[in-house]
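**Student:** Quick note on UniProt numbering: the sequence shown kicks off at 1 and runs consecutively.
Treat the hints with caution; some may be incorrect.
[As the list claims (entries may be wrong)] The calculated lysine-lysine pairs, modelled on PhoX-like cross-linking and capped at a C-alpha distance of 25 angstroms, are: (1) K4 x K21; (2) K218 x K230; (3) K36 x K21; (4) K230 x K18; (5) K127 x K236; (6) K127 x K230; (7) K18 x K205; (8) K4 x K187; (9) K218 x K274; (10) K230 x K4; (11) K29 x K18; (12) K29 x K4; (13) K18 x K36; (14) K21 x K218; (15) K21 x K205; (16) K18 x K4; (17) K29 x K218; (18) K187 x K36; (19) K264 x K274; (20) K236 x K264; (21) K21 x K124; (22) K264 x K21; (23) K29 x K44; (24) K127 x K21.
Everything labelled a hint here was simulated from the structure, so no lab data went into it.
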Amino acid sequence: MLNKTWFITGASSGLGLKLTKQALSRGDKVFATVRKISTLDELKASFPESLQVLQLDLTDLGSVRSAVDTAFMAGPIDFVVSNAGYGLFGVAEALTDRQIDRQITTNLTGSIQLIRAALPHLRKQDKGRIVQISSEGGQVAYPNFSLYHASKWGIEGFIESVSQEVNEYGIDCVIIEPGPTETNFAKGLDLADSLESYQNSAAEKMRHALFNGDFPIKGDADNTVTAMLKVIDMPKAPFRVALGSIAFDNIHRALTSRLAELEKQKNLAYSADKN
1 MLNKTWFITG ASSGLGLKLT KQALSRGDKV FATVRKISTL DELKASFPES
51 LQVLQLDLTD LGSVRSAVDT AFMAGPIDFV VSNAGYGLFG VAEALTDRQI
101 DRQITTNLTG SIQLIRAALP HLRKQDKGRI VQISSEGGQV AYPNFSLYHA
151 SKWGIEGFIE SVSQEVNEYG IDCVIIEPGP TETNFAKGLD LADSLESYQN
201 SAAEKMRHAL FNGDFPIKGD ADNTVTAMLK VIDMPKAPFR VALGSIAFDN
251 IHRALTSRLA ELEKQKNLAY SADKN
């Protein structure tokens, strides 16, 4: 297989960093974006020719466009990986306006603007794959993650629409939905205050489980990235891919339940048509 060129956001840690390392290790070229360039100094020293580090802040549209344009000026890019983001944790009632705005701006609006910036370049080169790193949280929901889920469900809807717009231009899209994985995701959570009114609620019990280490995490970060690479390398990849047994089981359960509920509504739905 010929060496590929990547553009990866959120490359400073977690799955983004591991994907960057695995791509470099197999001989690919990577434009890795981070908020602080010095974060990847050590990796850059190991791959001085094949790694280019760019500063990018998803909350700054100028920064997004500059990073994307700079990368494409160097030549065609095979994979644009939208990975940057973080989690906001807390019951909806406790979230501050600032927390809500930051979550949506980073995880949803920022990802949308990144992809919009890349699309003209991808169309011009008549090829390319957009890879959105989402989460099982793009199809299922847990208490305390309402805004995180809003951002993930939102970006998945955006990608599904965009894929239909650009497929005829040689551009395809893939959504990766990992389940709970051993990364620093939990440490990077933006935490809302706990409310006394929810003290004995399911949401508060989940908060205790998460921070006491009782929340089930089965995903291995290295294995997850290896699986991601298999999918991304496929000539015709599935549009949505769940990774990890928890993600697969939860998404399967949710879709089965929704379909069963929808089937029960068929007569009611059809009754709304014109006579």
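**Student:** Check each numbered hint from earlier against the structure, then list the numbers of those it violates in ascending order.
**Tutor:** 7, 8, 9, 15, 17, 20, 21 and 22
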